[in-house]
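**Q** Listed below, chain by chain, are the residues.
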Amino acid sequence: MFSLADQLLVLVLLINFISLGTSRLIFSIRAVAVQGVILGILPGLMHPFSWHLVGITIVIIAVKGFIIPMLLSRAVRSAEIKREYEPFLGYVPTLLLGAIFTALSFGFAGKLPMLPEHQNFMFVQASIATLMTGFLVLTTRRKAISQVIGYLVMENGIFIFGLLLAEAMPIMVEAGALLDLLVGTFVMGIVINQISREFSSLDTSLLTSLKEE
Amino acid sequence: MFAALIILPLVGAAVTWLIPYDRLRPKVLALFAFVHLALTIQLLAFTPPESPGGWFHLDAIGKIVLLSTSILFFTCALYSIGYLFYRRERSNRVLCAGLLVCLSAASLVTITHHLGLMWVALETTTIFMAPLIYFNRNAHSIEATWKYLLICSVGVALALIGLYFLAYATIVARVEPSLLLDDLIRDAGKLSSGWVHAAFVFLLVGFGTKMGLAPLHTWKPDAYGEAPGLVGALLSGGLVNLAFLALVRVYQLCLATKEIVFFQNALIAMGLFSMIVAAVFMARQADFKRMLAYSSVEHVGIMAVALGLGGRAIFGVLFHVLANSLTKGVLFLSSGNIHRSYNSKSTDHVRGAMRRLPWSGGLFLAGFIAITGSPPFAPFISEFTIISSAFIQGRMLVGALFLISLTVIFIGMALTVLPMVMGEAPADSEITDYRDSVWTVGPPLFLLLLVFLLGIWIPEPLMTLLREASALLEERP
Amino acid sequence: MTNSIIHIFLALTMPPLLLGVIGKTKAAFAGRVGAPFLQPYHDIIRLLQKGSVFSTTTTWVFRAGPIVALATTAVAALLVPFGAHPAPVSFDGDMILYAYLFAMGRFFTMSAALDTGSSFEGMGSAREATYSCLAEPTLFFALITLSRLSGTFSLSTMLVNISLGVWLDTGAALLLLVGGMFIVLLVENCRIPFDDPNTHLELTMIHEVMVLDHSGPAFGIIQYAAALKLFVLGAFFIHLALPYATGNPLLDWGLFIISMLELAVVIGIVESVMARLRLIRIPQLLVAATILAAFSTLLVIR
Amino acid sequence: MYLALQGLFDPALVALIAALLLGCAGIPGLFLRKPGTGQNIAATVSILAALIGVPAALQLLFSNTTTTYQLLWNLPFGLCELVIDPLSAFFLIPVFLVSAAGSVFALGYWPAVEHRATERGLTFFYGLLSSSIAVLLTARNDVFFIMVWEIMALSAYFLVVTEHEREEVRRAGIVYLIATHIGTAALFIYFSLLAAETGSFTLPEAGSLSALSPVAAIMAVAAFIGFGAKAGIMPFHVWLPPAHANAPSHVSALMSGVMLKMGLYGIFRTLTFFHDPPLLWGWILTVCGISSALLGIAFAVAQRDVKRLLACSSIENIGIITTGLGVALLGVSSHNPTLIYLGLAGALLHIFNHSLFKPLLFLGSGVIIHNSGTREMNLMGGLGKGMPRLSLVFFVGSVAICGIPPLNGFVSEFLLYLGFFTQLKAGSLVYLVFLAPLLALVGGLSVVAFTKLYSSVFLGTPRSSAAAHPHEPGGTMLLPMAFFALISLLIGVAPQQALRLVSPAITAFYPQLSLISAGAEYGAIMGRLSLVTLLILLLALVAALLWKWRLNKNLVSSASTWGCGYQRGTSRMQYHGSSFSELAVSVFNGIMRQRVERPVLDGLFPVRSRCIDTPTETFLERIIAPLFDGAGMLFVFLHRLQHGLMQIYMLYIFATLFILMLWAN
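These protein sequence lines map, in sequence, to chains A, B, C and D.
Each residue of the first sequence is one higher than the last, beginning at 5 in this note's numbering.
Each residue of the second sequence is one higher than the last, beginning at 14 in this note's numbering.
Each residue of the third sequence is one higher than the last, beginning at 4 in this note's numbering.
Each residue of the fourth sequence is one higher than the last, beginning at 80 in this note's numbering.
Chain A extracted, bound-state conformation (with noise of 0.2 angstroms):
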């Protein structure tokens, strides 16, 4: 069944370079929510049946792939913003890094020792490079809610690395990485509905009155 995860990896990674590309917010909500769901379908594949995975992979399916998603749609609407205007960096110079970046991810995970059931999956480098998007986001959109889709892909990203050590460790460090990613969310949620109340607006580039002179 591994195999099937890599290429499910693959569609991750492909993910990225969409939410990269982009420049309509709800679609990229919809491709992370979509990134949501598959990584949700992950542990499914990659260990045997047993009630207690079932319910880890409701619970993600469920807070990544809508909860999060419905809160960030809900508040690009009552915003009205459609698309990510001019960012700091074109999409095409974006895209580039992005794929750059998954190169060297690439290179990275090469240099480290794996297990040997792990070698030939890309578990390693798909993480790594969906945290570098997530970076990437992070560092070149304007918008708030952009900056957030930043963090959850970053989060994907993580959560990626998690898979490899599902069975063996305790449950604690996922839940504990779920309740940050649903925490995290919900005050960024509120944050951001505070910010466009304040602001009448989601653009970042009007938070900057706090600086040096």
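If a hint is listed, it holds; no wrong ones were tucked in.
To be clear about the criterion: a stretch of chain D counts as covered by chain B if any three or more of its residues have a C-beta under 8 angstroms from a C-beta of chain B, and this derived list gives those stretches:
hint	stretch
1	237-245
2	256-262
3	265-274
4	734-743
If you are wondering where the hints come from, they were derived from the structure by calculation, not from laboratory data.
Cβ coordinates follow ideal geometry from the N, Cα and C atoms, glycine included.
Once you have looked at the hints, place chains B, C and D on chain A.
**A** Below, chains B, C and D without anything else, positioned relative to chain A:
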């Protein structure tokens, strides 16, 4: 015992959340803080054995951090009684409850030896601090909160993946997979250096962000500048120490693996860089709260350098954890009073504080003298220990850079602080209803007395505690 | 013992005579008969018998000036050997005391002048202060050279030590020194070309203008002190310029008196052939003197 | 009382108790409600401290013993020893004298009833400063030394900014604080290296370190900067004039009379640690010393502000002392006992002398300023009539500080001159003798400076209405000054006793030296000197009596000053300070600069206008201030890094991660 330490504040949080009266809440807060302090001292006196499975283990280092956090929190809670009296315009429900949750999480960080659990607790503090920074409910505070939240979350996320790397290293090494510090230290020799290196880097950046090492410090001036005085005090005197504690855990691990040199050099480099950045940004600083934030950047830099130096400096840094948090308490609380009285944070408007608020102004001045490492205050002891050990180890360059940035920082800070406290208040400055009272002046005064006493006399128990702690961090060839 | 008595006797009696001689010489150059040699004595005695006028502005400082000036110069006179005979008072390092005694006198006289609150006297003491502190180093270079030549730290020995033989060895150095010290001699005693005691324009005076307000006995004392100062510095100078001595004590006293008179004549000649310098030039000449002396020092210690 | 004490305690203990008393002197006042009581208590206590402290110190000095006490402390820096050896004892004496005198003076000068706001703090920190200085002299533990050192520096700062509502005062305070802190940073390096060398935080034994290692060189430089900054040796003197000028006068007295000397004490102490110091050290000290002396007095001549003039002359005197020390060090390097003896004797005695006449002058300046309501010399004048007693003691002080016989200043300079001259014979350091003319020049200039000061304050007629109605200060203010004047005179007429005072300190500094011969030899010379000095006084007395006799015989009348024919002379026509020094300034132009604003006079009858000349703080204005401004500009430019844009912050994190990754592999 441990459970009490964690549960009690949570109960307190629930209680304060349910209390409907704004006037009553701070008193309850103070009450719970006091009980927590008592509990802490009890724990320090009679330390229970580590819990089965080794998840909870209060070692000497944890004790120091726990003690400083608890003392500082108690003082801030007392202060909140006086402070919130002047902030009647808004509800303090979130503030009080949030503070107590943070206290619980902080205690958890100090007593657990499970890195994963520690990470969860740290993340909790990060999240629950956000609404406290947003206390003032205005455009600036929301911006500060946003930056704080996003940057710190990213940092903590990086720390998480660092932990994952560590865990995976254990798996790869075919040892019992675990994130318990003691297990990791035991098996450290076997771990593959590639993963360990990667883990250390991510953990350093992650916890470094939380701690505010330059250039990961960017959220600090905004958050400290916009948060209320007592929250600032807790951020710079409490959370910083927690993140530092996390770094120390990583350091212990490094000591066990043979990768320590890289980690030490990285710490020294980032520490010195932080001090230089602080020196640069403190000069001509127009907002005294932001200035304090940079001072906090400076002090995390000092801690990092000291940790990197090792040797005698370890003693210095462990003492500095305590000294710094107490002194920062004095500065933030008194600056909060000054802010209340002038209703401005700008150093152009705030003049002659000594005349207008003899107590708060004096405390602020004394705090400045203390934090810049002048005797007879505690930070002098720690800073001199660190500097001297740098020179004794023959690391002249590190010592020289350290001293130079300390001096530049002193000059910058003096040029900002002295005009604030000296002279006469400008005629056009706003007159507010704030007056120095026992509740607003007492707590920082108490802290200052502590700082002074520790500067001339270190009680024997504390001394032994520091010795044990630094023994834990010795390099064994 | 006798030498000491003679020494003191000369110091007490002879100084005004030098002034007389100078006056006579100048008169001779001007083709006048001039005042008799003993005129200065008459002046001083007459002044001592006059009554005195004190400015209402003045305090005790004004009165202290002349007295201290006299006292210090007198002590200085005890430190300098006259001719081949050692001075009655001498100890290692007395040359430093010698130099500082003049400073002491100066301090009091300047203060006294300033005590009157007269702008002229203030002007005078300002000049005195500046020029004398320029002249100071020259004197010290001279002392260094002498001390080096003689290998002693006492005026008597180091001055008596200078002889024709020394001249033959280190002529160049001594020549420079004589040049420098002569300038110092003229400055310290406010002679032309640096200062003109007999001018009638207060604006151009240095020393005389400082004592405008002193009258009667005080002025007498000042006159006498000035003469004594000339005598003392002169005695110092002739050791350098005219260092001849016979073994015979009495003869040496004679030689001393004669050479002092010669010195007076020389000063008279200089005063009559030269005009007063512009005040701007004086510092330059003083620095020149210092340089001369410094060179002589270099010559002897290298 | 002294004998009683001798029976009861060990003098070292007594001295320590006295030091503690000083520290506690100001504390009661903080809690007493009624103004003035605290001040009286403080004065009484510090007199008591002096009464028991000075005899104790003297006994320690003459019995030539070294006593060690253990301070009970648990800071992790080894044992904390308090040691009093003759050197410390010698430095202790002025501390007690000056602090007592100052606090008595304060009763009249800074009465609590008039200065309710500031008096308490002033009294408290005054006691703290004196006490910390006294304790500093006994500290033998690096860290304890630095702690006391910083307490001293900080309390001095709080004293300087007593009147901090005045902008000038605040500025002076900040300059002082920054200067002293930079010095302390240098001391951090010095003591850390010392600890690294010795392996413990206790100050090393005399002569236990080699001066030839590179570390020793670094230590020496650090110590020179650290201690020199406190002593005010050029070029570390910038803080000195403004701080002394703006502090209350008895504080200036304490700072200039005692605190500056702590820098010198540090240098003394440091030098004792090293055996065979290289000649270079001696030369550096000597050159810095003599140039400080020259430039300091040159600045002094140009000043218009009474207290700035005194402060600049402090730089001069410190310079003279440093020269002496340097000469002694040269002696050590070239194994030349005479030079060591004379250099040290001169330096130490001058330290003592300066701590007598400089406080005298500063206290006097306090009274003067109080009376004329300004620090501007050119507006004063004629105060001598109103207060003859003050005028007398101030005159004594001025004569003494110029190094003129028959007062103490001359004695110490005399020793230095002897030191220079002796090298003519010995030969190895012949060129040292060129210091003599330079020192003579310094002497000449100081005569200019102090005739200017004294005359423009006390002599002539008042130049402004403010100075018109002086009234003699009360006993509490006059007595301390009279006391200092008396001791100055005594040392002047009995120098051999003064020499006995410094000899033990010299042996403490350089034990190898065989004092017996040298001491005896120069003692004899001093004997002759004192005889001659007495002779001067005698002659002066005789002349005075003679004159008095004449005056009684002849008629005495009084008139207004002779105006050379001009009848309507006004007081504004007098030569005032600036016009008096103008000639000297013009001669030495370049060393001392003045900013002169000359009016343009045109036409036959020009309109009334004024000419203002202000001496400039060359170092501060031309070098240091621009430096700071430049740094400030650069920093402000760099502030843009904190751009406010989140994305950039993210980039920082990203970059850090990347760099560390690359570094790790």
